[in-house]
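Visitor: Below are the chains, spelled out letter by letter.
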Amino acid sequence: MKKLINSPETVVTEALEGIAAAHPSLSVDIENKVIVRTGGPTPGKVGLVSGGGSGHEPLHGGFVGYGMLDAACPGEVFTSPVPDQMLAATKAVDGGAGVLHVVKNYTGDVLNFQMAAEMAGDEGIEVVPVVINDDVAVEDSLYTAGRRGTGATVFVEKIAGALAEEGADLAAVAAVAREVNERSRSFGVALSSCVVPAAGKPTFELGEAEVELGIGIHGEPGRTRAALTPASELAAFALDAIRADLPVDGDLLVMVNGMGGTPLIELYLMFNEVRKYLEAHGAHVARNLVGNYITSLEMQGFSVTVGRLSEELTRLWDAPVDTPALRWGR
Amino acid sequence: MDAEVFWAWIVSAAEVIEANRDHLTQLDAAIGDADHGTNLSRGFTAVLGALDSASKTPGAILTLTGNTLISKVGGASGPLYGMAFRRAGKALGNAADVDLSDLSAALEAALAGVQQLGAAREGDKTMVDALAPATRTFSKAITEGASQDDALSSLAEAASAGATATISMQALKGRASYLGPRSVGHEDPGAASTALILAALRDVARGRR
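Line by line, the protein sequences give chains R and F. Mapping of the first sequence onto our numbering: position 302 corresponds to residue 821, and the numbering continues sequentially without gaps. Mapping of the second sequence onto our numbering: position 17 corresponds to residue 325, and the numbering continues sequentially without gaps.
Just so you know, these hints were derived from the structure itself, not from any lab.
Listed next, with one range per pair, are the computed distances between beta-carbon atoms:
| hint | chain 1 | residue 1 | chain 2 | residue 2 | range |
| --- | --- | --- | --- | --- | --- |
| 1 | R | S526 | F | T472 | 31 to 41 Å |
| 2 | F | W315 | R | A728 | 51 to 61 Å |
| 3 | R | A691 | F | G401 | 42 to 52 Å |
| 4 | F | A327 | R | S526 | 13 to 23 Å |
| 5 | F | S409 | R | A691 | 52 to 62 Å |
Listed next, the in silico DSBU-like pairs over lysine-lysine satisfying Cα-Cα at most 35 Å (straight line):
| hint | chain 1 | residue 1 | chain 2 | residue 2 |
| --- | --- | --- | --- | --- |
| 6 | R | K521 | F | K380 |
| 7 | F | K448 | F | K398 |
| 8 | F | K380 | R | K610 |
Every residue, glycine too, gets a C-beta built ideally from N, C-alpha and C.
Chain R on its own, in the form it takes in the complex (with noise of 0.2 Å):
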């Protein structure tokens, strides 16, 4: 394994240290290894907090910012956080009106948020969760822990994001989460696994000419094992399984996602083939994200996430946004 790091045990925390070094918008306390904007919670504004495990940055901390999230919990490298942190972070975010906390369907980060939802309402303070879930690769939910959240987490965090910062009530904010959360669905493509720096080791084995059909964030196996094809062949495959759960036509949110080692040469050509298969089943992709926004480490592949638009959602994603790892109109 070759990382830059210093110790497996250090690599949160020292790169949450060069995150408060590198981003002045961001306050962050490194002991309970919270992030959140700096200048303390807006009074009256519904707060976002998300949170999970770290190696998939820039999310949660880089979408910390105006019309995106007011805080992020980030937990050890694929270890949900834990209660303590994320009760910090609700009551540094609370402005009076309430805190969204956006969950990611796994396991570990729903249990955590659950607890720290219960503390939170112990001390006067009102949260709803959002749980997402939008990975298809995940096909038989009754006997799973359920479908996986992934990119619709990024599509949630600025449109709810949004919403809240134009003063909308709890309510509001999240029912806008739960109808972005329906509205999109996701599929992952790995060609390489990743290596957590405290195993030192790849989670998982693919061999040269392999691909790991709907592989999770974590390196989670996906639907199966297959033969590298060329890259129009795996875009219509992640396609067609996202298209066998959800009509897609109409206006298209589109985001092709780095894992965090595929260069952006081919995520571009990916996302032309993502477009080129869209358009053909006619459909329009009104907006777009192309780059790495939500990885695992250093895994090569892809994922599409496909969110179906409504005129107010579009007005939504299109609000100022100034984060560090997504920033427009302001």
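Got chain R; can you put chain F on it based on the hints?
Guide: Relative to the frame of chain R, chain F by itself:
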């Protein structure tokens, strides 16, 4: 069994988790996300730091262990193990000395807590597959009048057998469930760590008798 036994159990559990850290992480890498050993080791190290002079009863020691695991571990194993130890501690109350039937009730409470939080049943390939048969076997042993040594041996053996039995199971809960049939053939890391922790109780109680 007094506070000294329970304190020694937690210390021994921490040692055995540390000694098996890489093994547990490798089990997790096969069907999960390669952090189980690392996480539990971090949690029990924090527990060792938290044990202090206020930990005067078996119940207080287990409750502190549970609270610390919830605060320090994260993942699914933090809340689940934390809940198990908290519920067990609560069941033991303030007693300075607990007997086998108290311990049996504490194990039942721990199991109920884990199942309430994680919604796993036996056969789902989780820590419940070690904890449930161990709890049942222990209760049966003391009903039949087994000695402390024999009852704790049957507890540890049932947990170990339960963990081994997860190898042939398909995971229905937790991250391994995403593998579907591909999860068969691997031991569940949570069941494996449960067996290690319960074996530590047997060994400590035996050594201190």
